[in-house]
Amino acid sequence: MHQDQVLSRLAVSLAIGLLVGLERGWRTRDEREHQRAAGLRTFALAGLTGGATGVLALDYGGVVIGIVFCGFALVFAAFQWLESRLDRDVSATSAVAGMLVFLLGALAVTGPLVPAVAAAVAMTLLLAGREHLHRWVAALSWAEIRAILTLAAMSFLLLPVIPDRSIDPWDAVNLREIWLLAILIAGISFVGYVAVRVFGDRLGIVVMAAAGGLASSTATTLAFARLGKAEPGAARLLAAGILISGVVMLVRVGVVTVGLNRALLGHLALPLAAAAVVMAGGAAAILLRRRQAQAGPVLPINNPLAVGTALKIAGFIAAVLLAAEILRRQYGDVGVLIIAAISGIADVDAVSISMARLGGGDLAVPVAAQAILIAVAVNTVSKAVLAGLVGGRRIGITVAGLSALALAAGLAAVWAQVAWTGA
1 MHQDQVLSRL AVSLAIGLLV GLERGWRTRD EREHQRAAGL RTFALAGLTG GATGVLALDY
61 GGVVIGIVFC GFALVFAAFQ WLESRLDRDV SATSAVAGML VFLLGALAVT GPLVPAVAAA
121 VAMTLLLAGR EHLHRWVAAL SWAEIRAILT LAAMSFLLLP VIPDRSIDPW DAVNLREIWL
181 LAILIAGISF VGYVAVRVFG DRLGIVVMAA AGGLASSTAT TLAFARLGKA EPGAARLLAA
241 GILISGVVML VRVGVVTVGL NRALLGHLAL PLAAAAVVMA GGAAAILLRR RQAQAGPVLP
301 INNPLAVGTA LKIAGFIAAV LLAAEILRRQ YGDVGVLIIA AISGIADVDA VSISMARLGG
361 GDLAVPVAAQ AILIAVAVNT VSKAVLAGLV GGRRIGITVA GLSALALAAG LAAVWAQVAW
421 TGA
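Counted from 1, the sequence shown has number 227 at position 227 by UniProt numbering; the numbering is strictly sequential.
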């Protein structure tokens with residue numbers, strides 16, 4: 001390593017120490033001089049010491065870092081222990097921060113710069129956010145902690161060991177994809193729980209619906225319907241959330257399909273826009289009426305992570321996928337529209353993406369557009385039915401009525417488009 005590179009790396013090591021020391025020094029700014037063990041200068045020197053040790057390690061090997069670090073850690077921890085005795089404040093944060101600054105300073109010289117700097121910034125943010133983090137942890141319930149751990153286990157422990165292959169003779173159901181879907185559904189439930197706690201029931205539902213619509217409007221519908229069953233008084237609010245997720249789904253389908261195949265723009269833009277406007281108008285009317293009315297019942301979400309419900313929904317979608325593949329093999333490629341309708345019961349993404357890729361190639365563009373619109377229409381109907389079956393009569397009637405109006409608007413747009421263009 002050239003001398004200029006060594007100097008620039010040492011400057012980064014010093015900057016890491018200064019960054020952390022700035023936060024530590026500001027936190028102890030009210031203490032008198034010589035009564036604090038580590039502040040701006042100490043952490044800056046710790047980073048520079050780590051950098052200098054890294055320079056030595058370039059010539060004498062990484063063992064130098066280990067030896068110097070042990071001595072540094074002992075001295076630094078001893079001063080922190082003396083300070084804690086004088087202040088009667090037992091905390092290992094500054095000691096751990098000092099050791100980490102040393103190691104990051106060494107990494108800045110001997111390894112890649114970006115991870116060292118990123119880790120320093122992340123550490124400073126954690127140190128600066130102490131009060132917020134403490135309040136957040138104090139506000140958590142055991143059910144919420146258990147939900148976080150369960151979702152983490154589903155995502156990072158179980159998902160990597162699940163085989164990424166089909167489990168049926170028809171090559172229709174991929175176990176890993178189904179498990180991913182279960183994680184997605186459970187995650188939407190958890191995001192909704194957090195949103196309601198942070199923003200309140202009305203705004204929280206809107207945030208959850210928009211986020212859920214980006215991922216899976218079907219999963220969002222079922223999650224909202226489950227909540228509607230538990231609290232009938234919030235049925236109309238939850239119905240508005242289902243409609244919002246449907247609007248996001250329509251926009252998402254339009255953007256994705258047109259992005260993949262611009263030839264579909266003329267066939268899809270008007271019907272999707274008409275249906276989205278009706279749904280958005282219905283959701284807005286419900287939300288405005290609730291805002292003007294007296295406060296209704298607070299929406300209770302006692303289970304942050306409905307794993308059982310998520311697994312049941314994922315199993316249902318797997319069954320639909322299996323049935324669709326069996327029918328496709330039975331009727332052949334001529335049944336594209338039938339397949340689109342069946343697939344639309346559970347999801348529109350698979351149909352919209354596949355049709356966008358086939359349109360203009362193996363499949364005529366108008367047929368591809370028809371398949372996408374059929375899948376969207378069937379998906380809208382299926383969500384209305386599921387909302388009624390899972391959430392009860394009140395939420396079902398609201399969703400079904402406005403969904404029917406949206407479908408009528410979309411159908412009228414298709415008719416007007418055909419009458420105007422003849423295509």
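Derived from the structure by calculation, the hints contain no laboratory data.
Hints may be right or wrong, so weigh each one.
Said to hold, decoys possible - Quick list of simulated restraints, FRET-style, between CB atoms: (1) P232 x G266: 42 to 48 Å; (2) A122 x R329: 49 to 55 Å; (3) W142 x R357: 18 to 24 Å; (4) I67 x R29: 47 to 53 Å; (5) I67 x V251: 24 to 30 Å; (6) G259 x D4: 31 to 37 Å; (7) I148 x C70: 48 to 54 Å.
For every residue, glycine included, the Cβ atom is placed at its ideal position computed from N, Cα and C.
Checked hints:
no. : hint                    : result
1   : P232 x G266: 42 to 48 Å : holds, 44 Å
2   : A122 x R329: 49 to 55 Å : holds, 52 Å
3   : W142 x R357: 18 to 24 Å : violated, 47 Å
4   : I67 x R29: 47 to 53 Å   : violated, 35 Å
5   : I67 x V251: 24 to 30 Å  : violated, 60 Å
6   : G259 x D4: 31 to 37 Å   : violated, 46 Å
7   : I148 x C70: 48 to 54 Å  : violated, 35 Å
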